[in-house]
Amino acid sequence: MNQDRRSFLGQTGKLLILTASAAVAWEHILAGRPEDAPNYTATDHWWGMAIDIEKCIGCGTCVRACKAENDVPHEDYMFRTWVERYVVDPADLDHPQVDSRNGGYDGFHEREVLDTRLKMFFVPKLCNHCAHSPCVQVCPVGATFESPDGVVLVDKTYCLGCRYCVQACPYGCRFIDPRTETVDKCSLCYHRITKGLTTACCETCPTGARTLADLKDPKDPIHAFLRDHKVQVLKPQMATGSKMYYNGLDGSVR
Amino acid sequence: MKPSGADYTHLIRMAGLFVVGVTAFVLLRWLMVPADFGVYGHYRAGALKDNMARPVMFAGQASCVECHTDVAEVRAAGRHAHVGCEACHGPLAAHAGNPDGAKPVRPDPRKTCIICHTASISKPKTFPQVVPADHAPEGSCVDCHKVHNPKLS
Numbered sequence: 000m001n002q003d004r005r006s007f008l009g010q011t012g013k014l015l016i017l018t019a020s021a022a023v024a025w026e027h028i029l030a031g032r033p034e035d036a037p038n039y040t041a042t043d044h045w046w047g048m049a050i051d052i053e054k055c056i057g058c059g060t061c062v063r064a065c066k067a068e069n070d071v072p073h074e075d076y077m078f079r080t081w082v083e084r085y086v087v088d089p090a091d092l093d094h095p096q097v098d099s100r101n102g103g104y105d106g107f108h109e110r111e112v113l114d115t116r117l118k119m120f121f122v123p124k125l126c127n128h129c130a131h132s133p134c135v136q137v138c139p140v141g142a143t144f145e146s147p148d149g150v151v152l153v154d155k156t157y158c159l160g161c162r163y164c165v166q167a168c169p170y171g172c173r174f175i176d177p178r179t180e181t182v183d184k185c186s187l188c189y190h191r192i193t194k195g196l197t198t199a200c201c202e203t204c205p206t207g208a209r210t211l212a213d214l215k216d217p218k219d220p221i222h223a224f225l226r227d228h229k230v231q232v233l234k235p236q237m238a239t240g241s242k243m244y245y246n247g248l249d250g251s252v253r
Numbered sequence: 000m001k002p003s004g005a006d007y008t009h010l011i012r013m014a015g016l017f018v019v020g021v022t023a024f025v026l027l028r029w030l031m032v033p034a035d036f037g038v039y040g041h042y043r044a045g046a047l048k049d050n051m052a053r054p055v056m057f058a059g060q061a062s063c064v065e066c067h068t069d070v071a072e073v074r075a076a077g078r079h080a081h082v083g084c085e086a087c088h089g090p091l092a093a094h095a096g097n098p099d100g101a102k103p104v105r106p107d108p109r110k111t112c113i114i115c116h117t118a119s120i121s122k123p124k125t126f127p128q129v130v131p132a133d134h135a136p137e138g139s140c141v142d143c144h145k146v147h148n149p150k151l152s
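If you read the protein sequences in the order shown, they are chains A and B. The first sequence begins at 0 in numbering that gives the first Met the number 0 and counts up one residue at a time. The second sequence begins at 0 in numbering that gives the first Met the number 0 and counts up one residue at a time.
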């Protein structure tokens with residue numbers, strides 16, 4: 000066949016455009032609907048949490064509840080949620096002292112040096128269930144993912160335990176479960192919220208410092224919370240799309 | 000000039016090899032990738048169900064109040080109105096499922112109360128706090144306070 004450069008480029012171009020559009024269309028044909036799950040319509044929900052630092056008393060009830068609910072190993076540095084105490088010199092926001100002995104599991108004991116000039120407060124932490132999660136982006140096998148209802152979950156049967164996501168999480172929310180050598184993290188109590196219950200931490204928080212929020216539910220109190228308070232997410236400069244909305248978050252919190 | 004056989008047989012061999020390679024790839028991929036992978040996104044759709052399958056340990060407010068209406072009324076009148084039952088009583092889904100079989104243990108007030116109410120400079124100023132050693136060196140908190148409505152009785 001005789002072919003000049005012009006017709007070769009033209010035909011190749013057409014072929015590329017057609018195959019690309021066919022591939023995109025095929026993905027949509029193959030894509031299922033999350034509504035196929037019975038009783039729970041994932042696309043009707045968009046989960047997040049409201050955390051009020053001004054209400055947190057550092058009792059650690061959430062940490063104990065989380066470990067009981069989710070069978071988290073009773074080891075230091077293995078938490079799905081934990082509480083940090085910040086001690087900040089008001090004039091030096093860049094160098095806060097943070098302590099979180101056993102993740103706040105046993106509560107916090109009084110510090111021996113009481114300097115009334117210092118600012119102190121508690122910050123409950125957990126997976127931020129980012130809409131654009133760095134951990135999801137780095138997983139090489141699709142073992143961690145953003146669910147259709149906005150929860151970052153782990154597929155334990157698919158996880159290789161490569162620890163890439165542990166390093167990628169800017170919030171330090173992931174750990175390797177030594178029993179399975181797979182990654183573990185807060186699932187926002189997915190087994191509870193899909194049954195109409197709240198998370199174990201929100202269920203037990205005695206002061207209402209943390210409240211599960213469904214951002215797609217127009218009747219959810221989260222909308223009033225977001226409107227009435229000056230809220231902030233952790234590390235907004237990283238554009239993770241975090242859905243943990245903190246009220247009263249100090250500039251020193253990392 | 001018509002090309003002789005020797006000029007293109009190597010192309011046929013290469014094409015054959017290519018077809019075998021592609022077939023092997025498609026076959027292996029079909030064998031190794033779960034059928035539900037990619038249904039909702041780049042993950043196994045069944046993982047959602049796996050995450051839903053975990054057993055529930057905390058029964059939740061609504062279950063407790065179904066039976067313990069008397070306690071719920073007392074609590075609703077006091078400052079513990081918004082404290083969940085299982086914040087102090089611990090995870091009790093087993094008890095909610097089988098009220099007679101799985102009896103909960105009564106929490107020790109001396110331990111349970113001070114977890115929240117021990118004075119600390121780190122706590123919000125408006126939260127009621129005491130130094131247990133000064134406030135009540137001995138005895139149980141429930142000698143003076145009723146736990147579900149903690150005003151002095």
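Simulated from the structure, these hints should not be mistaken for lab results. By construction, the Cβ of each residue, glycine as well, lies at the ideal position given by its N, Cα and C atoms. Check before you lean on any hint, since a few could be wrong.
[Unchecked claim] Derived list of chain A stretches under chain B, where covered just means 3 residues or more per stretch with a C-beta under 8 Å from a C-beta of chain B:
{"id": "1", "stretch": "147 to 158"}
{"id": "2", "stretch": "178 to 190"}
[As the list claims (entries may be wrong)] Computed list of lysine-lysine pairs in DSS-like fashion (alpha-carbon distance at most 30 Å, straight line):
{"id": "3", "chain 1": "B", "residue 1": "124", "chain 2": "A", "residue 2": "229"}
{"id": "4", "chain 1": "A", "residue 1": "218", "chain 2": "A", "residue 2": "155"}
{"id": "5", "chain 1": "A", "residue 1": "66", "chain 2": "B", "residue 2": "124"}
{"id": "6", "chain 1": "A", "residue 1": "234", "chain 2": "B", "residue 2": "124"}
{"id": "7", "chain 1": "A", "residue 1": "66", "chain 2": "B", "residue 2": "48"}
{"id": "8", "chain 1": "A", "residue 1": "234", "chain 2": "A", "residue 2": "218"}
{"id": "9", "chain 1": "A", "residue 1": "118", "chain 2": "B", "residue 2": "124"}
{"id": "10", "chain 1": "A", "residue 1": "54", "chain 2": "B", "residue 2": "110"}
{"id": "11", "chain 1": "A", "residue 1": "215", "chain 2": "B", "residue 2": "48"}
{"id": "12", "chain 1": "B", "residue 1": "102", "chain 2": "A", "residue 2": "194"}
{"id": "13", "chain 1": "B", "residue 1": "48", "chain 2": "A", "residue 2": "54"}
{"id": "14", "chain 1": "B", "residue 1": "124", "chain 2": "A", "residue 2": "54"}
{"id": "15", "chain 1": "A", "residue 1": "66", "chain 2": "B", "residue 2": "145"}
[What the hints assert, rightly or not] Quick list of the computed label-pair ranges, beta carbon to beta carbon:
{"id": "16", "chain 1": "A", "residue 1": "250", "chain 2": "B", "residue 2": "104", "range": "39 to 49 Å"}
{"id": "17", "chain 1": "B", "residue 1": "75", "chain 2": "A", "residue 2": "91", "range": "41 to 51 Å"}
{"id": "18", "chain 1": "A", "residue 1": "70", "chain 2": "B", "residue 2": "75", "range": "47 to 57 Å"}
{"id": "19", "chain 1": "B", "residue 1": "72", "chain 2": "A", "residue 2": "98", "range": "39 to 49 Å"}
{"id": "20", "chain 1": "A", "residue 1": "91", "chain 2": "B", "residue 2": "99", "range": "50 to 60 Å"}
{"id": "21", "chain 1": "A", "residue 1": "40", "chain 2": "B", "residue 2": "34", "range": "43 to 53 Å"}
{"id": "22", "chain 1": "B", "residue 1": "40", "chain 2": "A", "residue 2": "217", "range": "21 to 31 Å"}
{"id": "23", "chain 1": "A", "residue 1": "194", "chain 2": "B", "residue 2": "40", "range": "18 to 28 Å"}
{"id": "24", "chain 1": "A", "residue 1": "90", "chain 2": "B", "residue 2": "130", "range": "24 to 34 Å"}
{"id": "25", "chain 1": "B", "residue 1": "61", "chain 2": "A", "residue 2": "53", "range": "25 to 35 Å"}
{"id": "26", "chain 1": "B", "residue 1": "96", "chain 2": "A", "residue 2": "91", "range": "44 to 54 Å"}
Evaluated hints:
Counting residues of the stretch 147 to 158 of chain A whose C-beta lies closer than 8 Å to any C-beta of chain B gives 7; at least three are required, and the coverage claim holds. A stretch counts as covered by a chain when three or more of its residues have a beta carbon under 8 Å from one of that chain; for the stretch 178 to 190 of chain A and chain B the count is 3, and the coverage holds. Taking the CA atoms of residue 124 of chain B and residue 229 of chain A, the gap is near 20 Å; set against the 30 Å cutoff, the hint holds. Between residue 218 of chain A and residue 155 of chain A the alpha-carbon distance is near 34 Å, which puts this suggested pair outside the 30 Å criterion.
Taking the CA atoms of residue 66 of chain A and residue 124 of chain B, the gap is about 29 Å. The hint holds against a cut of 30 Å. Taking the CA atoms of residue 234 of chain A and residue 124 of chain B, the gap is about 27 Å. The hint holds against a cut of 30 Å. With a CA separation close to 21 Å, the supplied pair residue 66 of chain A and residue 48 of chain B stays within the 30 Å bound. Of the supplied pair hints, the one linking residue 234 of chain A and residue 218 of chain A holds, its CA atoms being roughly 28 Å apart against a limit of 30 Å.
The hinted pair formed by residue 118 of chain A and residue 124 of chain B meets the criterion: a straight-line CA distance of about 12 Å does not exceed 30 Å. Proposed proximity of residue 54 of chain A and residue 110 of chain B is supported: the alpha carbons are some 21 Å apart, at most 30 Å. For the hint pairing residue 215 of chain A with residue 48 of chain B, the CA-to-CA distance comes to about 21 Å; that is within 30 Å, so the pair holds. As the CA atoms of residue 102 of chain B and residue 194 of chain A are separated by approximately 24 Å, the hinted pair is consistent with the 30 Å bound.
Annotation: proposed proximity of residue 48 of chain B to residue 54 of chain A is violated, straight-line Cα distance about 34 Å (limit 30 Å). Our distance criterion of 30 Å between C-alpha atoms is met by residue 124 of chain B and residue 54 of chain A, whose separation comes to about 10 Å. Simply put, residue 66 of chain A and residue 145 of chain B have alpha-carbon atoms about 29 Å apart, close enough for the 30 Å limit, and the pair holds. Distance hint check for residue 250 of chain A and residue 104 of chain B: the Cβ-Cβ separation is about 44 Å, which falls inside the suggested range of 39 to 49 Å.
At roughly 45 Å, the beta carbons of residue 75 of chain B and residue 91 of chain A sit within the given window of 41 to 51 Å. At roughly 33 Å, the beta carbons of residue 70 of chain A and residue 75 of chain B sit outside the given window of 47 to 57 Å. At about 41 Å, the CB distance of residue 72 of chain B to residue 98 of chain A agrees with the hint of 39 to 49 Å. Hint check: residue 91 of chain A to residue 99 of chain B, Cβ distance near 59 Å, so the stated range 50 to 60 Å holds.
Checked against the hint of 43 to 53 Å, the pair residue 40 of chain A and residue 34 of chain B fails, with Cβ atoms roughly 23 Å apart. A beta carbon spacing of about 26 Å between residue 40 of chain B and residue 217 of chain A agrees with the range 21 to 31 Å that was offered as a hint. Between residue 194 of chain A and residue 40 of chain B, the C-beta spacing of about 23 Å keeps the proposed range 18 to 28 Å intact. At roughly 30 Å, the beta carbons of residue 90 of chain A and residue 130 of chain B sit within the given window of 24 to 34 Å.
The supplied range of 25 to 35 Å is met by residue 61 of chain B and residue 53 of chain A, whose beta-carbon atoms lie about 27 Å from each other. At about 53 Å, the CB distance of residue 96 of chain B to residue 91 of chain A agrees with the hint of 44 to 54 Å.
Checked against the numbered hints listed earlier, the structure breaks hints 4, 13, 18 and 21; every other hint is satisfied.
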